[in-house]
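Q: Sequence:
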Amino acid sequence: MAVFLREENAFNGPAVNIFLEGEYLTSLQPGGYKMLPVCANPTQMSAAFTQSELDYSKVRQKTQVYDLPAGKIQYFKLVEDANQSIKIQPLTEAQAQQILPTVREQTHTLPRVEKNKVCAKPVYVNVPVQTVLKKYTLQANTLFAYAKSGPNDMLKKGREEVKTIADQIINEQSQISHISILGYTDPVGTEAFNQQLSLRRAETVRNLLTMYGVARQNISVEGRGEQDLVVSDCQSRYAKDKLAHEQCDLPNRRVEIITYGIKAE
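Residues 1 to 265 (our numbering) make up the sequence shown, in order.
Heads up, some of the hints might be wrong.
As the list claims (entries may be wrong) - What follows is a set of in silico ranges between Cβ atoms, one per label pair, in the way DEER data are often shown: (1) Ala145 / Gln173: 45 to 53 Å; (2) Asn83 / Leu229: 17 to 25 Å; (3) Pro187 / Gln64: 42 to 50 Å; (4) Met211 / Glu93: 54 to 62 Å; (5) Arg104 / Tyr24: 14 to 22 Å; (6) Phe193 / Arg104: 25 to 33 Å; (7) His108 / Gln64: 21 to 29 Å; (8) Asp81 / Arg237: 47 to 55 Å; (9) Thr137 / Gly71: 50 to 58 Å; (10) Ala192 / Leu91: 50 to 58 Å; (11) Pro90 / Leu155: 46 to 54 Å; (12) Ile170 / Val65: 39 to 47 Å; (13) Asn207 / Gln89: 25 to 33 Å.
Hints were generated in silico from the structure; no laboratory data involved.
Where a beta carbon is used, it is the ideal one built from N, C-alpha and C, also for glycine.
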């Protein structure tokens with residue numbers, strides 16, 4: 001089994017076409033992965049950005065060869081070299097486990113790799129798949145003073161909530177492979193300010209979790225600003241009522257803590 005991953009912000013550019021033994025496998029978008037059963041043979045691989053003027057016959061000739069192991073999963077990720085060409089880089093399982101919770105499987109294209117031709121005897125193995133274990137939602141008005149984000153701006157109730165979550169995570173740490181902390185705001189204010197505010201709040205929550213004993217290396221943070229609003233019509237409903245508008249927007253101002261585990265399927 002081979003698994004190809006493209007991290008969300010690894011490099012800029014359109015979808016990357018991947019070829020195995022000269023046959024089309026997939027077009028990986030940022031934050032995507034694709035897996036395919038392959039046999040334990042030296043396998044030619046190549047990759048290139050999607051471009052209308054590109055000669056893909058030449059791309060297929062610029063191959064990298066990897067000897068795939070029998071009965072195991074081999075992970076690869078896409079990287080960009082100094083010449084802005086795409087290379088396929090092998091990963092250890094430990095390295096891949098750090099990336100898997102942050103990517104999603106892509107199924108929007110059909111591979112043209114002939115499985116029966118490539119592998120006379122397919123090897124069936126368990127594939128690790130990320131799964132959400134728990135999702136905690138912390139309302140910003142219980143975490144921070146209004147429009148604030150630093151550790152000294154945290155409210156007592158917010159600290160207590162984070163401590164409770166940290167204790168649960170520590171008790172369940174053997175099942176957890178990764179923790180994602182996502183900050184969100186309401187749509188009031190500029191998009192740039194909201195993105196930075198949400199990021200700072202997520203970072204503050206991460207720092208507090210680590211202070212309470214959660215391993216920092218397994219935590220990623222992201223500020224999503226005014227994306228993914230829980231309530232999207234507050235402005236139209238309460239344009240002339242500031243207090244009601246603010247109350248309506250409360251669910252949008254939040255920090256989410258999501259724990260992931262890897263299970264075999």
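Q: Run every hint past the structure and note whether it holds.
A: We went through each hint and held it up to the structure:
1. Ala145 / Gln173: 45 to 53 Å: Taking Cβ atoms as reference, alanine 145 and glutamine 173 lie about 31 Å apart, which means the hint is violated.
2. Asn83 / Leu229: 17 to 25 Å: violated (42 Å)
3. Pro187 / Gln64: 42 to 50 Å: Roughly 46 Å apart at Cβ, these two residues keep to the hinted range, so it holds.
4. Met211 / Glu93: 54 to 62 Å: violated (30 Å)
5. Arg104 / Tyr24: 14 to 22 Å: This hint holds: roughly 20 Å between Cβ atoms.
6. Phe193 / Arg104: 25 to 33 Å: holds (29 Å)
7. His108 / Gln64: 21 to 29 Å: Cβ of histidine 108 to Cβ of glutamine 64: about 25 Å, so the range 21 to 29 Å holds.
8. Asp81 / Arg237: 47 to 55 Å: With a Cβ separation near 52 Å, aspartate 81 and arginine 237 satisfy 47 to 55 Å, so the hint holds.
9. Thr137 / Gly71: 50 to 58 Å: violated (41 Å)
10. Ala192 / Leu91: 50 to 58 Å: For leucine 91 against alanine 192, whose Cβ atoms are near 34 Å apart, the range 50 to 58 Å is violated.
11. Pro90 / Leu155: 46 to 54 Å: Cβ of proline 90 to Cβ of leucine 155: about 47 Å, so the range 46 to 54 Å holds.
12. Ile170 / Val65: 39 to 47 Å: For valine 65 against isoleucine 170, whose Cβ atoms are near 45 Å apart, the range 39 to 47 Å holds.
13. Asn207 / Gln89: 25 to 33 Å: With a Cβ separation near 31 Å, asparagine 207 and glutamine 89 satisfy 25 to 33 Å, so the hint holds.
Violated hints, in rising order: 1, 2, 4, 9, 10; the structure is consistent with all others.
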